[in-house]
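Chains A and B are the protein sequences, given in the same order.
Each residue of the first sequence is one higher than the one before, counting from 1 in the working numbering.
Each residue of the second sequence is one higher than the one before, counting from 1 in the working numbering.
Hints listed in this document are in silico derivations from the structure and should not be mistaken for laboratory results.
All of these numbers come straight from a predicted model, not from anything done at the bench.
The C-beta atom is built at its ideal place from N, Cα and C for all residues, glycine as well.
Misleading hints may appear alongside valid ones.
[Unchecked claim] The following label-pair restraints were derived from C-beta to C-beta distances: (1) A:VAL75 / B:GLY471: 49 to 55 Å; (2) A:HIS54 / B:ALA476: 25 to 31 Å; (3) A:GLN85 / B:GLU25: 48 to 54 Å; (4) A:PRO69 / B:SER328: 36 to 42 Å; (5) B:GLY440 / A:GLU57: 49 to 55 Å; (6) B:LEU35 / A:HIS9: 44 to 50 Å; (7) A:VAL49 / B:ARG136: 43 to 49 Å; (8) A:GLY45 / B:GLY440: 30 to 36 Å; (9) A:PHE88 / B:SER57: 42 to 48 Å; (10) A:GLU78 / B:SER307: 43 to 49 Å; (11) B:TYR358 / A:SER70: 31 to 37 Å.
[To be verified] Here's a subset of chain B near chain A, in silico, CB distances under 8 Å, partners left out: (12) SER227; (13) ILE260; (14) HIS292; (15) ARG344.
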Amino acid sequence: MLSRDQVLHVARLARLELSDAEVERFSVELSKVLDHIEKISELGGLEGVEPTSHVVEVENALRPDEPRPSWPRDVVLEAAPDAAQGGFRVPSPGAG
Amino acid sequence: MSEILDLTAAQAAERIHAGDLTKGELWRFYRDRALADDLNAFTWVCEEDEPLAVDESGPLGGVPIGVKDLFATQGVPSQAGSKILEGYRPPYTATSVEKLIGAGAPVLAKTNQDEFAMGSSTENSAFGPTLNPWDRARVPGGSSGGSAAAVAAGTVPWAIGTDTGGSIRQPAALCGIVGLKPTYGAVSRYGMIAFASSLDQAGPFTRDTTDAALLLAAMAGRDHCDSTSLGLPEPVRAPRATDLSGIRLGVPEELTGEGIEAGVLAAFNQTLDLARELGATIETMHLPHSPHGLAAYYLIAPAECSSNLARYDGVRYGLRADGQDLLSMYTQTREQGFGAEVKRRVLIGTYALSSGYYDAYYGRAQKVRTLIADDFKKAWDDFDFVVTPTAPGVAFELGAKTADPLAMYLNDACTVPMSLAGIPAISIPNGLAPSPGGGGVRLPVGFQIAGPAFSENRILDAAHALEQAIGFDHKAALA
Numbered sequence: 001m002l003s004r005d006q007v008l009h010v011a012r013l014a015r016l017e018l019s020d021a022e023v024e025r026f027s028v029e030l031s032k033v034l035d036h037i038e039k040i041s042e043l044g045g046l047e048g049v050e051p052t053s054h055v056v057e058v059e060n061a062l063r064p065d066e067p068r069p070s071w072p073r074d075v076v077l078e079a080a081p082d083a084a085q086g087g088f089r090v091p092s093p094g095a096g
Numbered sequence: 001m002s003e004i005l006d007l008t009a010a011q012a013a014e015r016i017h018a019g020d021l022t023k024g025e026l027w028r029f030y031r032d033r034a035l036a037d038d039l040n041a042f043t044w045v046c047e048e049d050e051p052l053a054v055d056e057s058g059p060l061g062g063v064p065i066g067v068k069d070l071f072a073t074q075g076v077p078s079q080a081g082s083k084i085l086e087g088y089r090p091p092y093t094a095t096s097v098e099k100l101i102g103a104g105a106p107v108l109a110k111t112n113q114d115e116f117a118m119g120s121s122t123e124n125s126a127f128g129p130t131l132n133p134w135d136r137a138r139v140p141g142g143s144s145g146g147s148a149a150a151v152a153a154g155t156v157p158w159a160i161g162t163d164t165g166g167s168i169r170q171p172a173a174l175c176g177i178v179g180l181k182p183t184y185g186a187v188s189r190y191g192m193i194a195f196a197s198s199l200d201q202a203g204p205f206t207r208d209t210t211d212a213a214l215l216l217a218a219m220a221g222r223d224h225c226d227s228t229s230l231g232l233p234e235p236v237r238a239p240r241a242t243d244l245s246g247i248r249l250g251v252p253e254e255l256t257g258e259g260i261e262a263g264v265l266a267a268f269n270q271t272l273d274l275a276r277e278l279g280a281t282i283e284t285m286h287l288p289h290s291p292h293g294l295a296a297y298y299l300i301a302p303a304e305c306s307s308n309l310a311r312y313d314g315v316r317y318g319l320r321a322d323g324q325d326l327l328s329m330y331t332q333t334r335e336q337g338f339g340a341e342v343k344r345r346v347l348i349g350t351y352a353l354s355s356g357y358y359d360a361y362y363g364r365a366q367k368v369r370t371l372i373a374d375d376f377k378k379a380w381d382d383f384d385f386v387v388t389p390t391a392p393g394v395a396f397e398l399g400a401k402t403a404d405p406l407a408m409y410l411n412d413a414c415t416v417p418m419s420l421a422g423i424p425a426i427s428i429p430n431g432l433a434p435s436p437g438g439g440g441v442r443l444p445v446g447f448q449i450a451g452p453a454f455s456e457n458r459i460l461d462a463a464h465a466l467e468q469a470i471g472f473d474h475k476a477a478l479a
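Bound-form chain A, shown alone (with noise of 0.2 Å):
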């Protein structure tokens, strides 16, 4: 069972702002899926097993290193929310 504290917890790792509901809501939904994942513990016989890292094995992706051009400032900051003097404006980080 997650604790309301761990919920916050990881939330906070997340950057994600929850409300008192949605506090409440995921300890007990997030606590029956970990349930379901912990049988995954069960399985022995994991030792000397490779994690997967590619599906498919493949040893190196190369290709020749050209310089290729990046994409225009003006085009990027197209799709910012505030953009100032070429580049992305943010709120100050605050006094901390």
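The hints should help you fit chain B onto chain A, whose structure is shown.
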């Protein structure tokens, strides 16, 4: 029914190549149908009178296509079904979509989906759920539910979607069409808004296997923008097989028993009989680790998504909420922009990757994944394909599973093991089965064929032979 609606995409392309139909006529026919869609299958429809300049002499013949919302399409809304990307118009187009356009398929519409492809019903879209054309009170499956519903209803001739744990195959099954998940790496992921990068793979939604081969042939290929892309070792051919002589089919006991609706199982067994008549041998076999697939999947996919979705912070694109300082701007933007299922998975993933839990969860899940892939590798010594029902049940009613995330996740039980192993699998329409709720409703079910990595041509051939023998009638949904 109009004559144009009756044509498969390959037949329409043939007419255009022969000069019996123009790409403009076909475009306007489908544009009008897409604009009149009442299933909420689309997040955007192109209203132009003429298609984008495509070369109709290409293999796709000028036949318009529907593209899942999460594919980046230049200047066109590409929102992954999320409020956090509402109205986002990217400056570039996904490689797979570029290749389809290059082969002669103009983009007619973007299709609805579960937010960031997280879901099995398309009810998690910020733009409202898509309805199933076979019964509008039911879901089309998901996450690529818009693509599946649109092809089944004939509001686009064909479409593409993405499959992470079953998001092409399950909606194809629930809507009575063909859906193909290629080998991981066959199609470039560049420009696909990421969910779980080690699992995400794009593929076709079509009325038949011939159309699926045509789309896959045009989409596949190695791409210098995606280092995990491999392409396919041989060109994709139009499937021609009419029998299954000498083909050995394995029926995994773990994926064909508990949890499968009786009607779905009956349809599955009937098709096994057909396969036998077509010359196949059928044997029960085991994929001993596959029962752990769902648990491994629901660790790996959320872990990867929690990392991939860190980019939605209100700085470079999409929604930005007000905040007194930088941190509260981030947390408020994500609180307002993400839906409940996305938050659930980001939380599970962050938990599983957090300090002290990594080895017990993500590390363990990646080992289980290796064991699941090994089960399949061993199976190929004795079998050409592994076959299962695609989904454990027929389409369920809207809202039936939204309150119980775990019940929703169980929809993926038969499709997740192939995703974890990275192998190709197709779902073909396998007749109709009664809804367990009764009421006399009969709904489509799917038959899944999975094969070794890069066996797409052989899978398509086997699927073609079965498709001819099953003779599924899809016209009831083509209103």
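Now for the hints, and whether the structure bears them out:
1. A:VAL75 / B:GLY471: 49 to 55 Å: Given range 49 to 55 Å: holds, Cβ gap about 51 Å.
2. A:HIS54 / B:ALA476: 25 to 31 Å: 42 Å, violated
3. A:GLN85 / B:GLU25: 48 to 54 Å: 51 Å, holds
4. A:PRO69 / B:SER328: 36 to 42 Å: 37 Å, holds
5. B:GLY440 / A:GLU57: 49 to 55 Å: Hint holds: Cβ distance 51 Å, inside 49 to 55 Å.
6. B:LEU35 / A:HIS9: 44 to 50 Å: Cβ of LEU35 of chain B to Cβ of HIS9 of chain A: about 48 Å, so the range 44 to 50 Å holds.
7. A:VAL49 / B:ARG136: 43 to 49 Å: Holds, at about 47 Å.
8. A:GLY45 / B:GLY440: 30 to 36 Å: Given a distance of about 49 Å, which is not inside 30 to 36 Å, the answer is violated.
9. A:PHE88 / B:SER57: 42 to 48 Å: 44 Å, holds
10. A:GLU78 / B:SER307: 43 to 49 Å: Since GLU78 of chain A and SER307 of chain B have Cβ atoms about 26 Å apart, the given range 43 to 49 Å is violated.
11. B:TYR358 / A:SER70: 31 to 37 Å: 34 Å, holds
12. SER227: 4 Å, holds
13. ILE260: Given a least distance of 18 Å, the restraint on ILE260 of chain B is violated.
14. HIS292: Interface hint status for HIS292 of chain B: holds (6 Å vs cutoff 8 Å).
15. ARG344: At about 6 Å, which falls below the 8 Å cut-off, the nearest Cβ of chain A leaves the hint on ARG344 of chain B intact, so it holds.
Violated hints, listed in ascending order, are 2, 8, 10, 13; each of the other numbered hints is respected by the structure.
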